[in-house]
Amino acid sequence: EPEVTQTPSHQVTQMGQEVILRCVPISNHLYFYWYRQILGQKVEFLVSFYNNEISEKSEIFDDQFSVERPDGSNFTLKIRSTKLEDSAMYFCASSGGAGNTIYFGEGSWLTVV
Amino acid sequence: AQSVTQPDIHITVSEGASLELRCNYSYGATPYLFWYVQSPGQGLQLLLKYFSGDTLVQGIKGFEAEFKRSQSSFNLRKPSVHWSDAAEYFCAVERSNTGKLIFGQGTTLQVKP
Chain W
1 EPEVTQTPSH QVTQMGQEVI LRCVPISNHL YFYWYRQILG QKVEFLVSFY NNEISEKSEI
61 FDDQFSVERP DGSNFTLKIR STKLEDSAMY FCASSGGAGN TIYFGEGSWL TVV
Chain P
1 AQSVTQPDIH ITVSEGASLE LRCNYSYGAT PYLFWYVQSP GQGLQLLLKY FSGDTLVQGI
61 KGFEAEFKRS QSSFNLRKPS VHWSDAAEYF CAVERSNTGK LIFGQGTTLQ VKP
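Keeping their order, the protein sequence lines are chains W and P.
Per the numbering used here, the very first residue in the first sequence carries number 1; after that it's consecutive.
Per the numbering used here, the very first residue in the second sequence carries number 1; after that it's consecutive.
Hint data in this document are derived by calculation from the structure and do not stem from the laboratory.
A couple of the hints might just be wrong.
Here are the simulated lysine-lysine pairs, DSS-like style, with alpha carbons at most 30 Å apart [stated by the list, open to error]:
1. K49/P / K57/W
2. K49/P / K112/P
3. K112/P / K57/W
4. K83/W / K42/W
5. K42/W / K68/P
6. K61/P / K78/W
7. K61/P / K49/P
8. K42/W / K49/P
9. K112/P / K61/P
10. K57/W / K42/W
11. K78/W / K57/W
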């Protein structure tokens, strides 16, 4: 079965550093998402991306965050200057269209120290 | 605003016993509803989904869920639990075909031998 893949699986970074989390969505999917889960809390929506632009973002997704689809296969989440509270599991997801199943990757665990 | 409530944070059942995980949602229109499972260190795997039609939906691994509009519920059931079912289970609602999932807090299932 096709799957969403994410790298790295775990990253430790110092506060204030830039981090890029990478995702390869399922190949024929058109909609891409980032979610995050702070330890012990709900999975939260961050951003959705379609047709090379952000279609929706949450209030969490402030100016420190950006997303990009630099080529035909990768979808990245950049955090410009990490804070301690950015420590979380970040999930990439993709779907074939509105109303279709959203498939999640295994997550990238980010620890900011 | 849309929301999802999973009243049980932690449930313990014996192997072979039946299971029901509760999920209540708040949503103005007909919801798209999902159950995902997360095993330790793993991503979110879709168990089943409800979009429309038959209110009893079958999923993978022997799980089923029933949509009850009058109760705003979408409870997950399994007739006989296996030790490998120990994991965290998330109920989610999709907001209006946007691909934006709103998750519940999650229920941790422990299975006793």
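Quickly compare the C-alpha distance for K61/P and K49/P to 30 Å and report which way the hint goes. Satisfied, since the Cα-Cα distance of roughly 14 Å is no more than 30 Å.
Given the hinted pair K57/W and K42/W, is their Cα-Cα distance within 30 Å? Given pair K57/W, K42/W holds - Cα atoms ~17 Å apart, limit 30 Å.
Straight-line Cα separation of K49/P and K112/P no greater than 30 Å? holds, 28 Å
Does K112/P pair with K57/W here, judged by a C-alpha cut-off of 30 Å? violated, 41 Å
Is K83/W within 30 Å of K42/W, Cα to Cα? holds, 19 Å
Is the hinted pair K112/P and K61/P satisfied, with a Cα-Cα distance of at most 30 Å? holds, 18 Å
Would you check the hint for K49/P and K57/W, treating anything up to 30 Å between C-alpha atoms as holding? Measuring from Cα to Cα gives roughly 24 Å; hence the hint holds.
Hey, K78/W versus K57/W, does the alpha-carbon distance stay inside 30 Å? holds, 14 Å
Do the alpha carbons of K42/W and K68/P lie within 30 Å of each other, as the hint requires? holds, 24 Å
With the threshold set at 30 Å, check whether the alpha-carbon distance from K42/W to K49/P stays at or below it. holds, 19 Å
For a C-alpha distance cap of 30 Å, please report whether K61/P and K78/W respect it. violated, 36 Å
The structure fails to meet hints 3, 6 from the earlier list, while all remaining hints are met.
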